[in-house]
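**Student:** Just so you know, the protein sequences line up as chains A and B, in that order. Mapped onto this note's numbering, the consecutive letters of the first sequence carry residue numbers 24 to 285. Mapped onto this note's numbering, the consecutive letters of the second sequence carry residue numbers 90 to 255.
Calculated from the structure, these hints are not laboratory results. Incorrect hints may have been included.
[Claimed, not checked] Computed, partial: chain B to chain A, Cβ under 7 Å: (1) ASP171; (2) ILE172; (3) GLY187; (4) SER225; (5) ALA226; (6) TYR236.
Positions of the beta carbon are idealized from the N, C-alpha and C atoms, including for glycine.
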Amino acid sequence: MTVRVEAMWGTTIRVEVRDALDPTELDVVFDWFGEVDARFSTWRDDSEISRLAAGTLRLADASDDVRTVLARCEDAKQRSGGAFDIAYAVHPRVAPAPGRRLIDPSGFVKGWGVDRAAELLVARGIDAFAINAGGDIVTRGRPRADGGWRIGIQHPDERGCVAAVIELEDGAVATSARYERGDHILDPRTGEPAVGLMSVTVVGADLADADAAATAAMVLGDDGPSWLASLPDVEALCITNDRRVVTTDGFDRHRCHTPSLP
Amino acid sequence: MRRAGPALLATAGALGLLATFHSTPAKLTPSAASAAPPPPTSDPTTTTTAAPVTTRVTSPPTSAARPTTTAAPAAHVVTGSDIGTQFGDVQVQVLVRGTRLLDVRAIRLPYSHSRSQQLSDYAAPRLRSEALQAQSANIDLVSGATYTSEAYIQSLQSALDAARRA
């Protein structure tokens, strides 16, 4: 087993590979994470996102990756009826030039960057690994012969406990919640903090889409669980403010039923 | 308003019977019915299946159960008239022999039932709800709200890693 943990993107990224590797073999993904930061960070004046906001870079001249991400953010906005919108709640650090549109795709880029990192590892023949970027996870393969990666969903009140355990081979898990950094999710439609749910976890094939769906469901509040149930190919677990767990009908097939060791 | 009174009473009576046979279906199965045609099924939710009919009379069930002086009366299936209530239409069918009510079932259900049926059909895929429980489990990874790099050291993921190294 190989584990490498680094502080990046304002959080901590942890890469675990089942097989024993020279840790430098993971440079490929951490270099990629640095590249993503250079291109997308709202904290760097020379990132493409900052230059787009400042008006010194035209969208047509932006890199393929930036245009792809912005197009997918627009898709996510349409799918969620505007509950997910990168043109709102932009960090004040990137106040746009007059007439420029505010954009901060950070909430989408993290998942997208991890999805791409997984492709890089698979292309190198690494077939059993998990990447955890600040609580959002992509997995491939099996860490042990008898099953997939066992993923706990953080309990909102008890730091040492989880609310559920799922088992995943090839997939993605994103959680959006209020318990870690307070009411930092704003409803783009009203500007008010999204306080209707405590936590939303989405399981799917693609981390960027799962993360956008989790954020949108937090914004939708009471309507979040039924909206998630209407999405194809994702399952979700929501924790309400009164500490009930609401899951989509198919979530149970991800649940881990293997007896856990004490 | 006056005319609605008996209709609602009849409905209430029919619903009361339904409730009774929900809880004690065996009591409504006629014990000496071997010579009689099979009674309607005792499950009101399967009322769309064809009814075992001997005689069909379109009249309220209460007017069908008349005393008779002839011996060994045949069993009759009687279909009640459609009664509109504030909850929707109700129609019942009963199996009677002479003055004895042998079985009863609804062939049209109140609005409240059909409405909830519609809702549950519409809501697929459904949601499930349960109480939140804390679990301590043997896990590889933790998914949760995004922590800052400073807060990572206090996270469950970092605690797991520390415990694994120990």
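**Student:** Hints first: check each against the structure and report whether it holds.
**Tutor:** Against the structure, the hints:
Interface hint at ASP171 of chain B: violated, since its Cβ lies 35 Å from the closest Cβ of chain A, which is beyond the 7 Å cut-off. At its closest, the beta carbon of ILE172 of chain B sits 35 Å from a beta carbon of chain A; the interface hint therefore is violated under the 7 Å criterion. The restraint placing GLY187 of chain B at the interface with chain A is violated, with a minimum CB-CB distance near 50 Å, outside the 7 Å limit. At about 6 Å, the closest approach between the beta carbon of SER225 of chain B and any beta carbon in chain A falls short of 7 Å, and the interface hint on this residue holds.
Taking 7 Å as the C-beta contact cut-off toward chain A, the hint placing ALA226 of chain B at the interface holds, the least distance being around 4 Å. Contact between TYR236 of chain B and chain A, as hinted, is supported at the beta carbon level, the nearest pair being about 5 Å apart and thus within 7 Å.
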